[in-house]
Every structure is written in structure tokens, then in C-alpha cells.
Amino acid sequence: MKRVVITGLGPLTPIGMGAEAFAEAQRAGRSGIGPITRFDASPISCRIAGEVKDDYLQFLDAREARRVDRYVQYALAAAALAVRDSGMTEEELRGERTGTLVGSGIGGMETFEAQAKVFFERGAGRISPMFIPMMIANMASGHVAMRYGATGPSSTVVTACATGSGALGEAMRYIQLGEADVMLAGGSEAAVTPMAIGGFANMKAVSTRNDEPHRASRPFSASRDGFVLGEGAGIVVLEELEHARARGARIYAELLGYGVSADAHHVTMPAPEGRGAQVAMRMALRSAGVNPEEVGYVNAHGTSTPANDLAETQAIKSVFGAHARELMVSSTKSMTGHLLGAAGAIEAIATAQALADGVIPPTINLDDPDPELDLDYVPHEAREARVKVAMSNSFAFGGQNAVLVMRTFEG
Amino acid sequence: METFEQVKEVIVEKLGVDADKVTPEARFVEDLGADSLETVELIMGLEDKFGISISDEDAEGIRTVQAAVDYIGSKQ
Numbered sequence: 001m002k003r004v005v006i007t008g009l010g011p012l013t014p015i016g017m018g019a020e021a022f023a024e025a026q027r028a029g030r031s032g033i034g035p036i037t038r039f040d041a042s043p044i045s046c047r048i049a050g051e052v053k054d055d056y057l058q059f060l061d062a063r064e065a066r067r068v069d070r071y072v073q074y075a076l077a078a079a080a081l082a083v084r085d086s087g088m089t090e091e092e093l094r095g096e097r098t099g100t101l102v103g104s105g106i107g108g109m110e111t112f113e114a115q116a117k118v119f120f121e122r123g124a125g126r127i128s129p130m131f132i133p134m135m136i137a138n139m140a141s142g143h144v145a146m147r148y149g150a151t152g153p154s155s156t157v158v159t160a161c162a163t164g165s166g167a168l169g170e171a172m173r174y175i176q177l178g179e180a181d182v183m184l185a186g187g188s189e190a191a192v193t194p195m196a197i198g199g200f201a202n203m204k205a206v207s208t209r210n211d212e213p214h215r216a217s218r219p220f221s222a223s224r225d226g227f228v229l230g231e232g233a234g235i236v237v238l239e240e241l242e243h244a245r246a247r248g249a250r251i252y253a254e255l256l257g258y259g260v261s262a263d264a265h266h267v268t269m270p271a272p273e274g275r276g277a278q279v280a281m282r283m284a285l286r287s288a289g290v291n292p293e294e295v296g297y298v299n300a301h302g303t304s305t306p307a308n309d310l311a312e313t314q315a316i317k318s319v320f321g322a323h324a325r326e327l328m329v330s331s332t333k334s335m336t337g338h339l340l341g342a343a344g345a346i347e348a349i350a351t352a353q354a355l356a357d358g359v360i361p362p363t364i365n366l367d368d369p370d371p372e373l374d375l376d377y378v379p380h381e382a383r384e385a386r387v388k389v390a391m392s393n394s395f396a397f398g399g400q401n402a403v404l405v406m407r408t409f410e411g
Numbered sequence: 001m002e003t004f005e006q007v008k009e010v011i012v013e014k015l016g017v018d019a020d021k022v023t024p025e026a027r028f029v030e031d032l033g034a035d036s037l038e039t040v041e042l043i044m045g046l047e048d049k050f051g052i053s054i055s056d057e058d059a060e061g062i063r064t065v066q067a068a069v070d071y072i073g074s075k076q
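Each protein sequence line maps, in turn, to chains P and S.
Start counting the first sequence at 1; every next residue gets the next number (my numbering).
Start counting the second sequence at 1; every next residue gets the next number (my numbering).
Chain P on its own, in the form it takes in the complex (with noise of 0.2 Å):
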């Protein structure tokens, strides 16, 4: 099989926009957590959320970007972040060897509840034209592909929590069954709407410290309420070895395995003990060819709500056994909040940085450590080291995982 390297960074997030900006707030430990601006939250139990900040229409046309629901937006910027980062022209991503693959938790949801207001309000007579091709969530691959007019291997990955990772992981794929030279492969979600955050407010999946926004988002703390939604879009570059170096490439890490599964269980609660995930994870590290003794950090789904970050602690200590106490554990979802569709695209880039740049990214509000949940997940602050081998979780409502795992390159 062809070797897949990463070798573009494309992240749009509450903490930062483009990779030197996502990585320096992770190292300087920033919430991007902050009251909703978007709309009236007020009648809603989670006032809360991790919003973009940062001037991302730039990378749009005014044309372009009205044509296209909020998610799309988000993944056209990152996108054009990627590719700028790995140096490719669109002259060379041009034709049917570069391939899209990115996924969305939701899709358009923006769209949805405004199309949703003019049904009930004027009909069905005056439903916009663009509603459904705004809409659906396999538009941000159909966009990307377009831009670049990349004809490759296109599909979508809709896995809620793990689409990110399984884009990722499915892009690897084609790339190394050689159906595809170069991947721009993600996730994207523009979920912070009244009716998002309304539903999931009364699942009880979401965070209420709405006086505290920043410390809202608390991985594996005693006092974790639930997790924080965020927005925005991850896309990477991924490229076939042998291309990457023709070209010169600047390569930031190997991805070498893929795990994905399901628990088969429940819609929302994981299996015990994480059983479902640790399948991802031991599948994950036999498509890479190593040993769990070889990981040195793992990028947790650590979603700050209780069931997960119990579930996932549990699945660690039974895939790495003994080595679990070695591990690195970190969520950058105390920073970034979930972003759900876009989360393990995000957290693949943040896995890919740790390994380039030897920092491993904090998780913080870590303030009152979950007695149950004793591992090290790096509280508080960046930590400098050099890791050769790291993972990165995503788990999904639907029971969905989705589990990479990459390697710093060494030639």
C-alpha cells in the first residue's frame, strides 16, 4: 500500500484560524468559550459556545458565499487554509488525482431553520430554490471539489462526533489503494443555531455554566456538566508519500491506521467500559502496524461530559493496560469546545502539530480532577515533548467511532 503523509493544515476554530494561530493558542492553554452572540440564547437552559471569531469570508467571494449555508463557508476557508499550507498550486490540484472527502456532523442548519420559517409562515410556494443545495451535507466535498476543480475520489462522511476522524481516515484509503495522489479531506459544522443548541440543551448533553464560559469545557474534572458546542471546520492535505517528496513537501506527520466501529448499543450513552471505542482504537493500531507501547499521546474525544470521559478513561486503560500510566492523554475540546462534524479534523491537526512541534496541547480547567478518572491528561498547561506515535479519538452519538493514528515522519 501507498504511504499517506499530511502535509497541509487547514484549521478554522474558536481559538484560532489557520496552523500557527490554532497552535499557539494551544500552547498559551486559550478557551475560545464565550456567551452565544449569534441569537438570543435567553430562553435556552445552554447560553453558551465556542463562535468563530476570525475574518474567514476572505476566502470567499460574495457571490460564493452567499450561494452556501454557513458549514460550507467554514469548510471553503478551511480548505483554501490547507492548500495554502501545503505550498500545492491550483494548477497541480486540478484533475482527477486530487479527491475530497468532507464530512458534517449536521449539515446546514442555518439553512434548515430559516427555509423551516418561511413553510410556516408563506408555504411551501415560497421555499428557496437554493434550500436543499444548501442544505445537504455532502455540499462541502461538492464545494471543495469545485473550487479546485479536483475530480478525484469524492464522498462524504456523516458520523455526527466522529465524521472528522472517519473523513480523514476514509481519504487515507484512496490514497493508499493509489486511486488518488492528494486528499483534502475534514470536517466542518456551523451548529451554534436555536435550534441546535435548543436540542441539545434538553438532552442534557450540554454545559450550563454559562457564568463561566471559559471554564465550561472541563475534560475529566469531577465537576464536568456536559460538553460545549463550537464551530468552524478542520481540512488537511493529505498526500501519497512519494508526491509529497517529488514536490518537497513540508510533511508534518505520517497517518498510518484507522479504526472504526460501533458500540451497538445506545444512541447517546457509550458501551461500558468504552468497549465499542477500544475496538476503534485496537483496530486503529493494527492498520498502523504498532504497538500500543509505542503511543506516546492520545488526543482524547474528552468531551467533558461525564459518560464519555469515564467510557474513554476505561477504553484507554484496557487497550494500553499497564502503558496507560505512560500515555499523554489531552482534550483540546477544553479550548476548542466540541465541534462536533468538525471535531476530529481539528484534533487530527492538533495531533499532527503535537508530533511536528513536540508540544502537547493542555487540557484545561482541569482544576478538580475526577478521583475515577486518574490518567495524565496534561492538566493546565503545554507540555514539551517528543512523541513518535499518537492517536486521536472521536466517538459519536449513533455509537460511531473513529480512531486514527500517526507517526512524527522519519523518512
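Treat the hints as calculated values from the structure; they're not laboratory data.
Some hints could be false.
Claimed, not checked - If we take Cβ atoms under 7 Å as the criterion, some of the chain P residues that face chain S in the derived model are:
hint	residue
1	A62
2	R63
3	R66
4	P129
5	V359
As the structure is a prediction and not an experimental result, all values here were calculated from the model.
Here a beta-carbon is modelled for each residue, glycine too, at the ideal position from N, C-alpha and C.
Since chain P is already given, all that's left is putting chain S on it; use the hints.
Using the frame of chain P, we list chain S on its own:
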């Protein structure tokens, strides 16, 4: 406001084009770059703006800014 100016407003909003490109002889598809979906949106926008109903058959014939102005004039 005269009909032309009102039509121009709708076109600028629905097609996202510069106002100075919206001349009477401008064609929606060829000159203003509208695709099939945007053409539908434009017709719906004109219906809303002028409180009229434009049948699919009539909409087929409205291909330029002036044609839209004339059609609306005939309906009012």
C-alpha cells in the same frame, strides 16, 4: 421609485451582482451569470417585491432586465 430601480434592487440582492451591471438590456443568464436555481429565486423575489404571481410559462419569457420591467408593468 420607478419599476426599473425596484427590479434592479431585487436582482442585486438575489444574484449578488454589482448594481452598475444591471442595465435594461442585461440578460440574466449570459450577462449576470444566473444559473437555473438563481433564476427561480429571482422570479420569486420579483413576485414578492411586486405582489404578483408569475406563472412558469411567463417566467420562461423573462430573460432580460427590460423584459422583467415590461412584464411587471403589464401586470400593474
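Hint-by-hint comparison with the structure:
1. A62: Cβ of A62 of chain P sits 6 Å from chain S, so the hint holds.
2. R63: holds (4 Å)
3. R66: Because about 5 Å separates R66 of chain P from the closest Cβ in chain S, which is inside the 7 Å limit, the hint holds.
4. P129: Nearest chain S Cβ about 4 Å off; hint holds.
5. V359: violated (43 Å)
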